[in-house]
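Asks: The lines below spell out each chain.
Protein chains: 2
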Amino acid sequence: MQTVTQISQVRTEVANARKSGQSIGFVPTMGALHAGHISLIETAARDCDFVVVSVFVNPTQFGANEDLEKYPRNLERDVEICAKAGANLVFAPAINEMYPEQNLTWVDVDKITTRLCGQYRPDHFRGVTTVCAKLFNIVTPDIAYFGQKDAQQSVVIKKMVADLNMPLKIEVCPTVREVSGLAISSRNQYLTEEEKQDAKLIYAALKKCSQLAKQGEQNCEILIKEMKIVLAASSKLMPQYIKIVNPKTLADLETLIDGAIAAIAAIAAKPGKTRLIDNIIISTPT
Amino acid sequence: MQTVTQISQVRTEVANARKSGQSIGFVPTMGALHAGHISLIETAARDCDFVVVSVFVNPTQFGANEDLEKYPRNLERDVEICAKAGANLVFAPAINEMYPEQNLTWVDVDKITTRLCGQYRPDHFRGVTTVCAKLFNIVTPDIAYFGQKDAQQSVVIKKMVADLNMPLKIEVCPTVREVSGLAISSRNQYLTEEEKQDAKLIYAALKKCSQLAKQGEQNCEILIKEMKIVLAASSKLMPQYIKIVNPKTLADLETLIDGAIAAIAAIAAKPGKTRLIDNIIISTPT
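Here the protein sequences come in this chain order: A and Y.
Residues 262 to 547 (the working numbering) make up the first sequence, in order.
Residues 262 to 547 (the working numbering) make up the second sequence, in order.
Treat the hints as calculated values from the structure; they're not laboratory data.
Take these hints with a grain of salt, some might be off.
You can't tell identical chains apart in this list, so a pair holds if it fits in one copy or across any two.
[Claimed, not checked] List of simulated lysine-lysine pairs, DSS-like, C-alpha gap at most 30 Å:
#1 Lys509 to Lys468
#2 Lys419 to Lys372
#3 Lys504 to Lys331
#4 Lys280 to Lys534
#5 Lys419 to Lys430
#6 Lys489 to Lys468
#7 Lys430 to Lys280
#8 Lys430 to Lys504
Please construct the entire structure, taking both the sequences and the accompanying hints into account.
Replies: Pasting the structure below:
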């Protein structure tokens with residue numbers, strides 16, 4: 262496995278892989294790789310011949326008061342993880358390589374970016390879509406892999422790819438969880454032991470919602486109330502939103518639609534200073 | 262030469278060309294092809310093995326009060342012209358093929374789109390950049406060809422390609438003119454004979470500016486005043502803007518920078534209801 266820092270090197274390596282008929286898989290990351298990323302890389306390695314992982318803490322997706330500076334960075338460890346998981350190329354550019362001059366161009370997805378996390382992180386998705394467009398243009402993958410944990414991100418990226426006719430497929434892989442149910446996230450590193458205990462309630466609430474829906478409860482107001490009750494078990498866990506939304510438009514639902522992907526239940530909550538998000542796909546009884 | 266209407270057909274044809282090692286040239290147009298387009302297609306055919314021409318009157322780049330409905334359309338004639346000029350594939354999609362569902366994604370270039378024409382056509386460049394991003398993703402050309410006549414468009418597209426790391430080169434070809442000097446445009450069809458006479462003054466003014474600059478005049482206020490005097494020869498020709506701008510940032514210049522591409526002098530003017538634009542590259546004495 263090779264690690265490169267220059268866009269031109271990625272283009273050369275990918276062109277060589279293509280020449281020998283290989284398919285290209287791509288896992289964009291901000292590093293601080295964990296079991297969630299590993300599962301994405303392993304899935305890519307299973308599906309594609311040549312797997313590129315990017316490690317880039319993208320400044321344009323952080324808000325002014327967010328954790329850009331303290332976001333965990335450990336390239337050496339990340340490179341080892343990529344190699345073990347079956348990647349063929351790590352692309353770890355400096356900020357200057359990705360933004361060599363003043364960036365004036367933004368890829369903006371309307372509407373669905375203003376919902377859920379978009380209300381609390383106004384420029385976040387614009388940064389995500391723009392850097393993904395850039396990375397897709399650099400790596401030119403056949404398939405790019407994203408985690409279901411960032412549900413809104415996946416929906417937004419899929420819409421961008423469809424609207425702009427980008428020549429790749431987006432594959433969304435299941436959320437990887439700790440034994441406790443806590444969704445694995447690079448930001449879990451920020452949590453104290455006590456905060457980690459409280460954070461478990463997020464998935465507990467989502468599971469409660471999913472179970473009630475499977476039992477036939479279709480009223481979203483009731484489902485949200487039930488999630489609130491679970492989260493209320495800790496006085497320190499501060500929910501930011503608790504939502505049940507249409508899985509494509511991310512608009513709030515009043516009643517569950519019938520089906521295997523009837524809705525997404527999504528929670529953002531802070532067990533202290535760290536903001537965590539999680540979600541679950543809601544199915545109705547078959 | 263083949264004419265297709267489906268995105269999937271373009272992808273198949275381009276993939277076949279690529280498989281046999283051919284380079285791909287692309288000329289995006291709104292149809293109503295004229296000598297300017299022909300020169301782009303011929304240049305593409307000279308430089309590239311496989312030339313794609315798109316013919317699509319893109320609704321998202323027309324303002325509410327602009328000429329979307331009456332914009333000239335004649336696909337049969339356009340296809341003939343493409344074949345003669347050396348194109349290999351014409352892509353003439355219906356609106357539904359390009360915008361099959363509600364489009365939420367926009368590629369926006371800041372700052373340089375607000376200058377010159379951007380002041381008078383607020384959403385125009387957003388429509389242009391978005392449809393070009395879509396077309397580039399569909400055709401995946403090595404080189405795309407644009408005309409210098411739409412100077413701001415070329416600067417904006419180049420900035421988009423650079424900022425988003427799009428894997429293609431933008432080639433800007435010289436403006437093709439009638440014997441009178443009038444820049445050839447699909448919208449010239451709208452002009453009466455009298456309006457055409459007045460319209461000639463636009464290029465006359467630009468040439469005056471270029472000559473004075475070559476003789477050493479560096480004061481843009483003076484150069485603009487001289488262009489105004491030329492345009493004033495017709496009382497019916499209404500200038501919208503007369504500008505001398507930095508060729509990269511499109512910001513107004515007070516004094517010419519030294520060099521072969523010291524500035525762009527640009528004019529928008531209406532000899533009646535039709536809005537015409539033209540420009541000239543200004544060099545200082547060597």
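Asks: Now tell me, hint by hint, if it's right for this structure.
Replies: For each hint, the structure was consulted:
Taking the closest pair of Cα atoms, Lys509 and Lys468 come within 30 Å of each other only inside a single copy of the chain (21 Å); across copies the shortest separation is 55 Å, beyond that limit. Taking the shortest alpha-carbon separations for Lys419 and Lys372, both the intra-copy value of 14 Å and the inter-copy value of 28 Å come in at or below 30 Å. Taking CA atoms no more than 30 Å apart as the test, Lys504 paired with Lys331 passes inside one copy only; the shortest distance there is 29 Å, against 47 Å between copies. When the C-alpha separation of Lys280 and Lys534 is checked against a cutoff of 30 Å, the pair qualifies neither within a copy, at 49 Å, nor between copies, at 54 Å.
Proximity of Lys419 and Lys430 under a CA criterion of 30 Å is satisfied in both settings, with 8 Å inside one chain copy and 26 Å between copies. Within a single copy, Lys489 and Lys468 get their C-alpha atoms as close as 12 Å, which meets the 30 Å cut-off; across copies the closest is 72 Å, which misses it. For the homomeric pair Lys430 and Lys280, the shortest alpha-carbon distances inside one copy (20 Å) and between copies (21 Å) are both at most 30 Å. In the homo-oligomer, the alpha carbons of Lys430 and Lys504 lie at most 30 Å apart inside one protomer (28 Å), although the nearest pairing across protomers, at 45 Å, exceeds that limit.
Going down the numbered hints, you'll see the structure goes against just number 4.
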